[in-house]
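So the sequences go chain by chain: P and W. All residue numbers for the first sequence refer to the numbering used here, where the first residue is 962 and numbers rise by one. All residue numbers for the second sequence refer to the numbering used here, where the first residue is 5 and numbers rise by one.
Be aware that one or more of the hints could be misleading.
To be verified - Taking lysine-lysine pairs in the BS3-like style, the calculated list, with each CA pair at most 25 angstroms apart, reads:
1) W/K138 / P/K1019
2) W/K239 / P/K1021
3) W/K244 / W/K135
4) W/K244 / W/K75
5) P/K1111 / P/K1064
6) P/K1111 / W/K183
7) W/K180 / W/K244
8) W/K183 / P/K1035
9) W/K148 / W/K75
10) W/K183 / P/K1064
11) W/K183 / P/K1019
12) P/K967 / W/K244
13) P/K1019 / P/K967
14) P/K1111 / W/K148
15) W/K239 / W/K180
16) P/K1021 / W/K180
17) W/K148 / W/K138
18) P/K1064 / W/K180
19) W/K138 / P/K1021
20) W/K148 / W/K244
21) P/K967 / P/K1021
22) P/K1021 / P/K1035
23) W/K239 / W/K138
24) W/K180 / W/K75
25) W/K148 / P/K1019
26) W/K135 / W/K75
27) W/K75 / W/K151
28) P/K967 / P/K1064
29) P/K1035 / P/K1019
In short, the hints are calculated from the structure, not lab data.
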Amino acid sequence: MSIVVKNLRHVYGEGTPYESVALDDVSLEIADGEFVSIIGHTGSGKSTLVQHLNGILKPKSGEVLVGGVNIAAKGVNLPEVRRKIGLLFQYPEYQLFEETLYKDIAFGPTNLGLSADAVDSRVREAMALTGLDFDALSERSPFELSGGQKRKAAIAGVLAMGPEALVLDEPTAGLDPRSHRDILAMIRRIREERGITIILISHNMGDVAEVSDRVYVMDGGRIAFFGTPAQVFANKARLKQSGLGLPPTLELAELLRAGGADIEGDPLTLDEAVELIDAYLERRGA
Amino acid sequence: MIRDITIGQFYPGESGVHRLDPRLKLILTIAFIVSLFVVRDFLGYGVVVLALGAVVAASRVPLGFILRGLKAIFIIIIFTFTMNMFMTAGEVLFRIGVLTVTKEGLYNAVFMGLRLVFLIIGSSLLTLTTKPIKLTDGIESLLKPLKGLGVPAHELAMMMTIALRFIPTLLEETDKIMKAQMARGADFETGSIFRRARSLVPILVPLFISAFRIAQDLAMAMEARCYRGGDGRTKLHELKFRRRDAVAVLLACVYFALLIGERFLPAWIFKGYF
Ligand SMILES: Nc1ncnc2c1ncn2[C@@H]1O[C@H](COP(=O)(O)OP(=O)(O)OP(=O)(O)O)[C@@H](O)[C@H]1O
Ligand SMILES: [Mg+2]
């Protein structure tokens, strides 16, 4: 699913004294199968932006094209758009409501009008993808799960819709390191197995540098700049201007260089960093 | 969507009306509502419109914002209007099927409809120009004399403050939950009444859970700060009756004098001046 946003503008509480412009002239283009991250400090409009992608919010002006079709056009089937673009909200645990985890994950596919068999296979598949043990958990109440399990359950609920693009709003926020790793690994697995478009909002620069094809930086309701992770994170001054920092691997390389070690290159992932440091040590040893 | 409800909302501002003593505003609002039932004819409504118009202008709340509050009770107004129009006996004007519209009916319908509109505008002016905190301070202070009779003034006021404080929070929660369920294909707008009622379950369950969580968090936060009820508590903002309030009382007296005069003086004395 390709996703194109053109000159999007959104105003909250229009005509009230609390009016605020959340998005101003935002444009972006995401190709089919691309992994794109959106970063930006708190309140920069990231969540507002992604809620436009499946028509949950209506733009004040501008348009959203999903697979080349303007979703605001007459005759567009919005429920179908919402199936294609699976949107995981920020802190999604609150959306759980059913008596059992199974029923909760089945909520989406049931709404799509699938047969009981199809729903069942969707639920099993989604639980397997998110690493939730079907036998142990499917009959438990979703409210008895741990925080990390609840998060996975909410993600499974979105995956069970069979989306062709996945939009994740801070899926790892507030989780312990282990759940964090699990969810990141899961996102990569989905991407490898299904090759669907993924849009990730995250405050974790390390994750962003490691997993994305391209990065958009938002600031004050606008796109400040964008590019490949290497391009974006090469621009430290601009990132700082937008209230953002560098991935830890780049910080480390910078610190080492400041300490006199001539690390050659800018490592975006942990593996790259290890390699560069090894290379440096070898050179020095030789 | 759900956030468009403006009834009971506060419109921030620094106007004279905003800064009046909340106790006075409460009493004047009640008096205003009573006064609406004293009025018997449209000349009296003329006085009401002038007074309301003056207060709205002085409050600097945009008229559009006030009228938006009327939208929420539009159904009630229409209901009152039609009931009065069809149910009053008198001189027949015209018929629609079995229903007859009388001259008196039409008069009553317009009269009652207007009364409702004035009532809503008058009372929403109170909440639009008074911060919820000040409003409950005012109520607490007015209820204090009844403490001897066992009325827990402070506790009532605190409960009201908390309830008012959490209306926007709960609306926000509802909005958030609705969006999340819509993203999972929930449909709140189509289907039979039964289906639609069922479709509320995915909203209500999470909403109740977060309401209880919020209540518990709040109780804990209050206890952590040693809240133990009203005894011995002092106020950050003491209520004071100022010159501005005296002026308001004077203007209100003029209004009531005009209304009572219009109603009870022989018509020829009063109407001679118009
Ligand atoms: N439902 C709403 N009603 C009114 N204003 C809102 C609403 N949601 C967000 N805003 C405002 O819009 C702006 C952008 O908010 P948004 O939630 O999109 O930011 P964000 O980039 O997702 O931030 P965070 O990183 O904290 O999640 C903020 O100034 C916020 O206060
Ligand atoms: Mg957000």
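message = Run through the hints listed earlier and report the numbers of any the structure violates, in increasing order.
response = Structure breaks hints 1, 2, 4, 7, 9, 12, 14, 15, 19, 25, 27, 28.
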